[in-house]
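Using the sequences provided together with the hints, build the complete structure.
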Amino acid sequence: MKKHWYDYLWIASLTYLILGFFNILFAWLGLLCFFIPLLISLIKGTKGYCNRYCGRGQLFALLGGRFGLSRKKDIPRWMKSKWFRYGFLTFFFVMFFQMLWNTYLVFSGVQDLRQVVTLLWTFKLPWHWAYHGTWIHLGVAQFAFGFYSVMLTSTVLGLVTMVFFKPRSWCVYCPMGTMTQLICKAKKKDV
Amino acid sequence: MDTKTKKRRKAFVDTNDCVACGCCVKVCPKHAMEIWKGVMAKVDMERCVGCGKCAKECPASVIEVKEVLL
Ligand code: SF4
Ligand code: SF4
Ligand code: SF4
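The listed protein sequences derive, respectively, from chains A and B. Mapped onto my numbering, the consecutive letters of the first sequence carry residue numbers 77 to 267. Mapped onto my numbering, the consecutive letters of the second sequence carry residue numbers 3 to 72.
Hints in this document: simulated from the structure, not taken from any laboratory. All C-beta atoms, glycine included, are put in the ideal place defined by N, C-alpha and C. Worth double-checking, as some hints may not be accurate.
Here are some chain B residues pointing at chain A (derived, C-beta under 8 Å) [claimed, not checked]: (1) Asp19; (2) Val21; (3) Ala22; (4) Gly24; (5) Cys25; (6) Val27; (7) Met47; (8) Cys50; (9) Pro61; (10) Ala62; (11) Ser63.
Okay, the calculated beta carbon distance ranges per label pair [as the list claims (entries may be wrong)]: (12) B:Met47 <-> A:Tyr180: 29 to 39 Å; (13) A:Phe183 <-> B:Met47: 26 to 36 Å; (14) A:Leu176 <-> B:Met47: 43 to 53 Å; (15) B:Met47 <-> A:Phe199: 48 to 58 Å; (16) B:Gly54 <-> A:Trp205: 40 to 50 Å; (17) A:Leu118 <-> B:Leu72: 38 to 48 Å; (18) A:Lys265 <-> B:Arg49: 21 to 31 Å; (19) A:Trp154 <-> B:Met47: 28 to 38 Å.
As structure tokens, this is what we get:
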């Protein structure tokens, strides 16, 4: 099938993860993966981001497909059920707001900057080498650490389900995917 | 066999569990798949040849290729 420029966005996703290893401030770029899908669904009422541009989905498709790092088995029923997908979305939101709250605490000077990346909301990985102490406010750096944690955690979860089930299993419970689908469902009703 | 009642293989989507990810669209060689309004996948029965590529790819495994009488 004919390849388009957007079929190579997986390179951007991979680069993003690598850049964050060297300088955490690059994590801010990840906001694009939040706002673009939301805007597309809100304005156009489609999942155009998932369907075309998402580099993360492409990365899983590539690693699990071409590179064969997937058992290609069916995902368990409960993982595609509404309660799990919506539940995971809610959980993700709660953790996201907790991250914003931590950022706020650092911004207001109540809490010190924590130079760690939190994997799976539990494991604190040292990551100080990626922070070079800039003129930028500490809160800006804290958000970067928090946001990179979110991105790395979802990548790890995605890789695990890629290995066990189909390559793009992450897309079944990806919070952005679920959220944009919900927006599209809501929009479809009010037209 | 009468051409009007020939058995054909076609893809069917369990739209309830479809996550509208679009993986099926990407692999369909006949461009028979479409994501309808960001909600679910839809098969163009005219174009679908029942090859099953989409079913293999679908991360939610909600596509089934069935034989139908056309
Ligand atoms: S569901 Fe998530 S990972 Fe999959 S294509 Fe959509 S945004 Fe990307
Ligand atoms: S690949 Fe499966 S879940 Fe994704 S849009 Fe197609 S039918 Fe729906
Ligand atoms: S069965 Fe083959 S032709 Fe039919 S929709 Fe799926 S990929 Fe396309």
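Hints, verified against the model:
1. Asp19: With Cβ-Cβ at 5 Å, under 8 Å, it holds.
2. Val21: 5 Å, holds
3. Ala22: Cβ of Ala22 (chain B) sits 5 Å from chain A, so the hint holds.
4. Gly24: Given a least distance of 3 Å, the restraint on Gly24 (chain B) holds.
5. Cys25: 5 Å, holds
6. Val27: Where the cut-off is 8 Å and the nearest Cβ of chain A is about 6 Å from Val27 (chain B), the hint holds.
7. Met47: 21 Å, violated
8. Cys50: For Cys50 (chain B), the interface hint is violated, since the closest Cβ of chain A sits about 16 Å away, which is over 8 Å.
9. Pro61: 4 Å, holds
10. Ala62: Constraint on Ala62 (chain B) satisfied, holds at 5 Å.
11. Ser63: 4 Å, holds
12. B:Met47 <-> A:Tyr180: 29 to 39 Å: With a Cβ separation near 54 Å, Met47 (chain B) and Tyr180 (chain A) fall outside 29 to 39 Å, so the hint is violated.
13. A:Phe183 <-> B:Met47: 26 to 36 Å: With a Cβ separation near 56 Å, Phe183 (chain A) and Met47 (chain B) fall outside 26 to 36 Å, so the hint is violated.
14. A:Leu176 <-> B:Met47: 43 to 53 Å: Roughly 47 Å apart at Cβ, these two residues keep to the hinted range, so it holds.
15. B:Met47 <-> A:Phe199: 48 to 58 Å: 49 Å, holds
16. B:Gly54 <-> A:Trp205: 40 to 50 Å: About 48 Å separates the Cβ atoms of Gly54 (chain B) and Trp205 (chain A), which means 40 to 50 Å holds.
17. A:Leu118 <-> B:Leu72: 38 to 48 Å: 40 Å, holds
18. A:Lys265 <-> B:Arg49: 21 to 31 Å: 29 Å, holds
19. A:Trp154 <-> B:Met47: 28 to 38 Å: 31 Å, holds
Comparing the model with each numbered hint stated earlier shows that hints 7, 8, 12, 13 do not hold.
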